[in-house]
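Undergrad: If you're matching them up, the sequences are chains A and B in order.
Counting from 1, one number per residue, gives the positions in the first sequence under our numbering.
Counting from 656, one number per residue, gives the positions in the second sequence under our numbering.
The reader is advised that the hints may include incorrect statements.
Across the chosen pairs, the derived CB separations fall in these ranges [said to hold, decoys possible]: (1) S767(B) / P184(A): 36 to 44 Å; (2) C700(B) / L130(A): 27 to 35 Å; (3) E754(B) / T623(A): 55 to 63 Å; (4) S767(B) / K613(A): 25 to 33 Å; (5) L563(A) / Q745(B): 50 to 58 Å; (6) S767(B) / S559(A): 48 to 56 Å; (7) G809(B) / Q614(A): 35 to 43 Å; (8) K593(A) / G809(B): 39 to 47 Å; (9) E754(B) / L166(A): 36 to 44 Å; (10) G59(A) / Q745(B): 44 to 52 Å; (11) S538(A) / D672(B): 41 to 49 Å; (12) C700(B) / A75(A): 26 to 34 Å; (13) G752(B) / S559(A): 19 to 27 Å; (14) T549(A) / K673(B): 50 to 58 Å.
In silico lysine-lysine, DSSO-like type, Cα no more than 30 Å apart, as pairs [stated by the list, open to error]: (15) K156(A) / K894(B); (16) K321(A) / K257(A); (17) K98(A) / K779(B); (18) K779(B) / K593(A); (19) K593(A) / K311(A).
No lab work stands behind these hints, which were simulated from the structure alone.
All values derive from a computational prediction rather than experimental measurement.
Even for Gly, the Cβ is constructed at its ideal location relative to N, Cα and C.
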Amino acid sequence: MSAVVHNSIPTRVLFVHLLLLSIAVAPHYQHLSFWLVGFYFALALLRLAAANQTEKLPGRFLLLLLSLCGFAIVALHQTRPVSKETAVGLLVVVLGLKLMELRHRRDVYITVLIGFFIIITQFLYDQSMLLASIMMLVTLGLTMMLVEVNFIQPLKSPWFSLRKALILIGQALPIMVALFLLFPRLSGPLWNLGLDGQSAITGFSDTISPGSVSHLSQSRAVAFRVDFSGQIPEPKKRYWRGLVLWDTDGYSWTTGKPVYGKPESYRVTGVPVQYEVTLEPNHQKWLFSLDLPAGNIPNTHQLPDFQIQTKKPITKRFHYKQLSYTDYSSSGLSNAKRQQGLNLPDNITPRMRELVSQWQNSAASNRDIVNAALRHFNQQAFIYTLSPPALGSNPADDFLFETRRGFCEHYATSFTLLMRIAGIPTRVVAGYQGGEINPHGEYLIVRQSDAHAWTEVWLEDQGWVRIDPTAAVAPERIERAIDLSNLAEGAPIQFQNLDPGLLKNLIRQLGFGVDFINARWHRWVLGYTNQRQTELLSLFGLDFLKRSTLGFAMVAVASLITLIITIGILRSSRKRIDPILKSYQHFCKKLAKQNLPRFHSEGPKDYAQRVIKQRPDLADSITQITRLYIGLRYGQVNSGETRKFFNRLIRQFSP
Amino acid sequence: MDLTLNFSRFIRRATPDKEGSAELTARRIYILPTRYGFLFGVLLCAMLAGSINSANNLGFMLTFLLVGLGIIAIIHTWHNLLGLQLQPKQARPIFAGQEASFPIQVENRRNSPRPGILLEVAGKIMSGIDLNSNESGELSLRLPATRRGIFKPGRFTISTSYPLGLLRAWSYVELDLCCLVYPEPGPNTQHLNPPSYTPSATGDRGVGTDDFAGLRQYRQGDSPRHIDWKAAAKGQGLKTKLFGGDRANQHWIDWDALPGFATEERLCRLCRAVLLACESQDEYGLRLPGIIINPARGEAHRHQCLAALACFESEPPK
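Bound conformation, chain B alone (with noise of 0.2 Å):
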C-alpha cells in the first residue's frame, strides 16, 4: 500500500477537467497482458517450435494467425477505454458504518459499442457496464464509510479486456467524488430531548402534527395520510384534516447536555437525538461549539444539523 502512495505520484491518471468530467486520453491507458494472455504467449511459443520442428506449413498460418490476432487485441483492447467520458455525480448522503455508493457516469461519444467497462478499486471489481454507440450509462463505486466527514475515495481504476480477455487496458482516474458521511448514529440518550413548549407566536395555524383542529378542502401536495378517508368513502370529497401542535414539542439538541464523552461519542449520540427528534415529527434545534441551528423540521433542517454533525471539526461541506 505504502508502495502504491508514493508510486502514485508518477503514474499517469485521468483527472477532470473545469467542469469536473475526465476523459480517458490515449497517453492515460496502460495495456498489459492478463493471466490469460501470457497463457495464450506461450501457447504460441510451443505452437511455433512445433510448427518449426515439423515444418508444417497449416501449423505456421494457424500460429501467425493467432499472433496476429493477439497483436490486433492490443489495439482493439486500447481502443475500448481511448476516449471514454467519466462524470461523477452526485453521492447520497451516509452514515458512518453503512456503504457509500459514488455514482460516476460514463459516457460513449463514439459511434461503435464499448463493451466490457469495468470499474476497480484496488484490484477488486466494483461494476461494469456494456456500453452502446453514443450511450451514457453508469458506473457504481461502492465503499465502506468507516469515518463521519467527507469521504473522498480517492481514485479507482477504468479497465477493459474487451475484446478478447487476453489484454487488460486500464486507465487510473481521480475525479472529484465525495460523499458526506453522517456520524454513526449512537445509544439514545434520555435526558437530551426534553420538550420544551414554547407556544407559536402566531397561534394555531393547523399545520403541526399533534391535535386535530379541522377539515379544510383537499389541495394538491397534502399528505395522503391526512386525507379524510372515512369521508372520502362517504362520497362527501377529499377533504384533508387539519392538525394543530406547532406550538409543542420544540427542543434543544445540545453539544453541553453530554458532559464527560468524548468528541465522536458526543457526536454520534447527537446524531441518535436528532434522528428521533425527526421520527418524532419535533421541531428541533442543533447548538453545537460555535454552531447553532435554530429549531426547525424538514428534510433540509435534518440534513443541515447532520450535516453539522458529520463535518463538526473538520472542513465544512461545500
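Isolated chain A (complex conformation) (with noise of 0.2 Å):
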C-alpha cells in the first residue's frame, strides 16, 4: 500500500555499506599513514556505534573539528613533492567524514561514489588478482546498496537486492568487455604529475660488486616469463643475458658509457629460437634474451655488445618478441674494444699475477688459460654460497686466496681479473641462467632466483665465448634451481631436488597452478596494451582501425550489446500464456458464443458443471476437455501426446 516515503537508512543496509567501505579503504594501511587509516576507521566505528540514533552524530561544530583533525592529519604526512598518497589520504579522511553525515538515504550515494574512486585508487598500487577479485565483490556490494536506498518500504532480506545487483553487473560486464578491448589506447600518459615515486623492487641494477647479484638471488619474486613458439631449449642453452660489465674500479663492475655503434659481427648456425617475454618491471632500462639476441625490438638501442636497453626505465609489466640464436660466433674486436677488455684495476695482487703465471707457463693457448683457470675453481676448496663472508677492500684477492667461499658474481669478476692479467680480453655478463618450466602453460618462469653472473672471453679463433667459472664449482647450478632453504652464512648451496617428496610436489605444482592464472591475468588483463590491442584487431583483420576510429567501432559494439540486452529486457518482461490455458479460453470462448459465457469466479469444473446442465448433449466432450485441462494444468499429466490430444478435442469442439 501506498506509504509515506521513508528516508532514514535500514539498520541492516547501514552495517553492510559501512562494511563494504571500510572493505574498500582497508587495503591502504600499507600506502598511508597509520594515522589517516586510523582516523576513517574509528569514524567508521563511531557511524556503526550510533547506528539509527542519527541524533547521537556530531553536531556541526564538533564536525569542523573532526574535518580540521583530518584534513591537518593529511597535511602532516604531506611529502614533497606531493604525491598521490596525498591525494588518496585526502580521499580516504573525506570519506570518514562523510560517515558522519550519513543519516538519510541520499547520503548513501556520495559514500557509494566516493567509495568506487577509493578503490580504484587501490589498484594504483596492487593489481593482484586477489585485490581484484576483492575489489569485484565490494563493487558489487556497493551497487547493491544503490538498488537498496532506491525502494520504498526497507527490504527486509538481502536476496532481491543482492540478485538485482547481481544482474546488473552481468549485464554491465559485457559493455565492459568491448569497451575494455576497444578504448583507443595511448602509449604514454596524457601528462606527467610527477607521482609515481620510485619504489624498491629486485632486479639487476647496472653496478654489480660481491654480494649484490646473491642478494638477488633470495628473492622468488618473478623477474620475466617467456612464451617459446617452438621448443623451449634446454636447461643449460638458457642463458638470458642482460648487461655487460666492462670496467671495474678493483671492487665493483660497471657497464661503462654505452656506446651505440654497429653491432660486432657474428656468424650463426642452426634455427633461432623465438620467444615473447613478459618483462616484470624492474625500473632499470636492460632487456633480458637468450644468448645472441638478433631480432629488433621497437623502441629500445641494441648496443654492439648485444645489450638491448629500453630508452625510458620499465616500470610497468614489459612485453617484446625476440629471436635469438643459440649456436653462433662472433668475429672482429676493435682495439678500443680490446682494449677496455684488458683494462686491469689498481689493486691487482702479486699473488694473482704468479697464479696466472703459472697457468700461462703450461699452456700452448688461450683456450688452455681458460681451462687451466676453471680446473684451479672445480679441484681447489671453492664453494659455492649463497652467503658468502664479507669481503675487504679488495675483493677479488681476498675470494681468491682466503674465503674461497662465493657466489656467482664472485667467481665471474675474479675469474675475468684472471683472464686480462693473462691477456685475454674478458667482460662480465649478468642476468639469468635457468628458469622454471610450467607445465600448465607450457611457458618459463624466471625468477630473481635464477639472477647469474658470468663471463664472455675473446679467443682469437673463435671471438667472444662465454665461460661460467660457476659451473665449474657447481655445475649442478646450470641444470637445477637454487634450494632456497638453507641459508646460513657460508653454508654450500643445495640444489632443488629432483624428485622431491609427494607434499613438496604437490605445492609445487600447486604453485605452478598458480603462476599460471597469474602469467594469463598479467599477459590479459593488466598486459593489454596498445601493442595487443592492434594485434587483438588484426586478428579479426580490423587493424586499420585507429584511434577515431576505433572509438567510433568501441560505441558502435557498445550500442550493439545495450540494444541486445534491451531486447532481452523486454522479452523477459512479455507475459507468457501458458499454451494449455490458452486453448482452454478458446474452449471457453466457443461456449460464450453459445451464450454460456465462463463467470470469472467460476472453476473449470464449476463451469463444466452448469454448461452440463443446459447442454446435456455436450456433456461427454465438456467432461473429456475439462479433465484433460485439469490434468495438464494443474496435475501430473504431461506429455506430449495428451497435450496433442487436448488441443485436438478442442479444435473439433463445436458446440
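With the hints as a guide, dock the two chains, each given alone in a separate frame, to form the complex.
TA: What follows is the structure in C-alpha cells.
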C-alpha cells in the first residue's frame, strides 16, 4: 500500500554499507600513514555505534573540529613534492567525514561514489588478481546498496537487492569487455604528475659488486616469463643475457658508458629460437634475451655488445618478442674494445699475477689458460654459497686466496680479472640462467633467484666465448634451481631435488597452477596495451581501425550490446501465456458464443457442471476436455501426446 | 509556472482511455540523470582520465564496468515505469480549506516487481509504493483545496529512480481526477434555522428521534444507540426503543434568508447551517436561487445539499 516515503537508512543497509567501505579502504594501510587509515576506521566505528540514532552523530561544531583534525593529519603526512598518497589520504579522510553525515538515504549515494573512487586508488598500488576479486565484490556490494535505498519500504532480506545487483553487473560486464578491448589506448601517459615514486623493486642495477647478485638471488619474485613459439631450449642453453660489464674499480663492476654503434659481427648456425618475454617492472633499462639476440625490438637500442636497452626505465610490465641463435660465433674486435676488455684495476696483488703466470707457463694457447683457471676453481676447495662471508677492499684477492666462498658474481668477476692479467680480453655478463617450466602453460618462469653472472672471453679463433666459472664449481647450478631453504652463512648451496617428496611436489604443482593463472592475468588483463590491442584487431582483420575510428567502433559495439540487452529485458518481461490455458480459453470462447460464458469466479469444474446442465448433449466432450485441462495445467499429466490430443479435442469441439 | 503551462501543450503525457485508466507507454516516459547521476558521470570522467594517465588496466576495467552499469541503469529505470497502469479511484468530498486526497490505483501487470514508484506534483513527492509482480497498489495525491466546487488537480508525475538512483524516469499523467469541494463552513447564523413544525400527514410512526414512543423487538440494522440495554441486562432480550417526532423540526435553509452577504459568504453560512441541521437530526430542505431540495434527512440528503452549495453557479457534479 501507499506509504510515506521513508528517508532513514535501514540498519542492515547501514551496517553492510560501512563494512563494504571499510573493505575498500583497508588495503591502504600498506600505503598510507597509520593515522590516516586509523582516522577513517575510528569514524566508521563511531558511525556504527550511533547506528540508527542519527541525533547522536557529531553536530556542526564537532564535525568542523573533526574535519580540521583529518585535514591536519593529511597535511602532516604530506610529502614534497605532492605524492599520490596525499590525494588518496584526502579521499579517505573525506569518506570518513562523510560517514558522519550519513543520515538519510540520499547520503548513501555520496558515500557509494567515494567508495568507487577509493577502489580505483587501490589499483594504483596493487593489481593482483586477489585484490581485483575482492574489489569486484565490493563494487557488487555497493551496487546492492544503491538498489536497497531505492526501495520505498526497507527490504527485509538482502536477497532481492543482491539478485538485482548481480543482474545489473552481469549485464554491464559485456559492455565493460567491449569498452576495455576497443577503447583507443595511448602508449604514454596524458600528462606526468610526477606522482609515481620509485619503489624498491628487485632486479639488476647497472653495477655488480660482491654480494649483489647473491642478495638478488634470495628473492623468489618473478623476473620475467617467456612463451616460446617452438621447443623450449635445454637448461644449459638458457643463459638470459642482460648487462655486459666492462669496467671495474677493483671492487664493483659497471657497464661503462654505453657505446652506440654497429653490433659486433657474428656468424650463426642452426634455427633461431623465437619467444615472447613478459618482463616485470624493474625500474631499469635492461632487456633480457637468450644468447645471442638477433631480433629487433621497437623502441630499444641494441648496443654493439648485444646489450638491449630501453629508452626509459621499465616501470610497467613490458612485453617484447625476441629471436635468438644459441649457436653463434663472433669476429672482429676493435682495438678500443680489446683495450677495454684488458683494463685492470689498481688492486691486483702479486699472488694473483703469480697464479696466472703458473697457468701461462704450462699452456699452449689462451684456451688452455681458460681451462686451467676453470680447473683451479674446480679442484681447489671453493664453495658455492648464497651467503658468502664479507670481503675487504680487495674482494677478488680475498676471495681467491682467503675465503674461497662465493656466489656467481665472485667467480665471474675474479675469473675475469685473472683472464685480463693473462692478456685475454674478458667481460662480465649479468642476467639470469635457467628458469622453471610451468607445465600448465608450457612457458618459462624466470625468477630473481635465477639471477646469474658469467663471463665472456675473446679467443682469436672463436670470437667471444661464454665461460661460466660457477659451472666449474657447481655444475648442478646450470641444470637445477637453487633450494632457498638453507641460507646459513657460508653454507654450501643446496640444489632443488629433482624428485621431491609427494607433499612438496603437490605444493610445487599448486604453485605452478597459481602462477599459470597469474601469468594469464598479467598477459591478458594487466598487459593489454595498445600493442596487444593492435594484435587482437589484426586477428579479425580490423587493424585499420585507429584512434578515432576505433573510438567509433567501440561506441558501435557497446550500443549493439546495449540494444541486445534491452531487447532481452523487454522480451523477458512479456507475459507468456501457458499454451494449455490458451487452448482452454479458446474452448470457453466457443461456449460463450452459445450464450454460456464462463464467469470470472467460476472454476473449470463448476463451469463444466453448469454447462452440462444446460446442454446435456455436450456432456461427454466437455467432461473430457475439463478433465484433461485440469490434469495438464494443475496435475502431473505432462506428455506431448496428451497435449496434442487435448488441443485436437478443443479444435473439433463445436457446440 | 507560466512557462510550464505554455510548455505543457507540447510535452507528451499519459492520458486516460475510454475506461479512464492510463498506461505509461514507451514514448511517454522521459529519462534524465539525477543529481547523483551527474556526479557519477563526473566521477567516471575522472576515473577514466586517471586510468589513461597511469595506463592502469584494472582502473580501465572498473571505470568501464561502472560505465556499463550506468548504461544498463538507463534501461532498467525506464523499464521500471514502462507499461504501468494507472486508474483513478473515487475521491471523498471535502470542505474547502481541507486537503483533498485522490487515490490512484497503480497496477503492475508484469511478472517482475516494480519497486520505488513515486507520485510527484510540482517536484514534491506525494507518495510512493513498491509493487510486487502482478500486484496493484494505491498511490495518493494530496492537495489542499482552496475553493469550493469541483477540484481537478490536473497533471501529476509518476517517477522512479529505481534501481540505482542515478537516473530518474518520469511520465506526465493526466487522469480524470476530481474531488467535490463543499464550501468552507462559515459562522453560525442564528436566525437561519427557525424550526417550523409541519406535522407528518401519516401521524407519528416512531421513526423520529425526539420522543420515546415505545419498544419493539430488535431487528437487524437497528442502531445500537436505540437498543434498550437496561432491558437487555435484565435478560429480557434485545429490544429497540422507538422514538416519535418525525413531525417535528422541519425547516428550510434559505438563500434569501441571508441578504446582504456576498455569494461565497452566503454559501459558507448555508453550509454551516446544513451541518448544524444534520447534527441536530432535523429534517431540512435547501432553497437556492433556481434549486429547491425538499426536506429530508440522512447522508445522501446531506451530500445532495452540500453538493448543491459546492456547485452553485458553477458546473454541476457528474
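Undergrad: Compare the structure with each hint and give your call.
TA: Each hint, compared with the structure:
1. S767(B) / P184(A): 36 to 44 Å: Taking Cβ atoms as reference, S767(B) and P184(A) lie about 38 Å apart, which means the hint holds.
2. C700(B) / L130(A): 27 to 35 Å: Given range 27 to 35 Å: holds, Cβ gap about 29 Å.
3. E754(B) / T623(A): 55 to 63 Å: Between E754(B) and T623(A), where Cβ atoms are some 58 Å apart, the hint holds.
4. S767(B) / K613(A): 25 to 33 Å: Given about 42 Å between the Cβ atoms, the range is violated.
5. L563(A) / Q745(B): 50 to 58 Å: Violated, at about 44 Å.
6. S767(B) / S559(A): 48 to 56 Å: violated (25 Å)
7. G809(B) / Q614(A): 35 to 43 Å: violated (51 Å)
8. K593(A) / G809(B): 39 to 47 Å: holds (44 Å)
9. E754(B) / L166(A): 36 to 44 Å: The hint (36 to 44 Å, Cβ to Cβ) holds, given that E754(B) and L166(A) are roughly 43 Å apart.
10. G59(A) / Q745(B): 44 to 52 Å: Since the Cβ atoms of G59(A) and Q745(B) sit about 48 Å apart, the hinted range of 44 to 52 Å holds.
11. S538(A) / D672(B): 41 to 49 Å: violated (57 Å)
12. C700(B) / A75(A): 26 to 34 Å: holds (28 Å)
13. G752(B) / S559(A): 19 to 27 Å: Violated: the Cβ-Cβ distance is about 55 Å, outside 19 to 27 Å.
14. T549(A) / K673(B): 50 to 58 Å: holds (53 Å)
15. K156(A) / K894(B): It is violated: about 52 Å lies between the C-alpha atoms, which goes past 30 Å.
16. K321(A) / K257(A): With Cα atoms ~26 Å apart, K321(A) and K257(A) stay inside 30 Å; holds.
17. K98(A) / K779(B): Holds: K98(A) and K779(B) sit about 26 Å apart, inside 30 Å.
18. K779(B) / K593(A): violated (51 Å)
19. K593(A) / K311(A): Answer violated: K593(A) to K311(A) is near 89 Å, above 30 Å.
Violation of the numbered hints given earlier is confined to hints 4, 5, 6, 7, 11, 13, 15, 18, 19; the remaining hints are satisfied by the structure.
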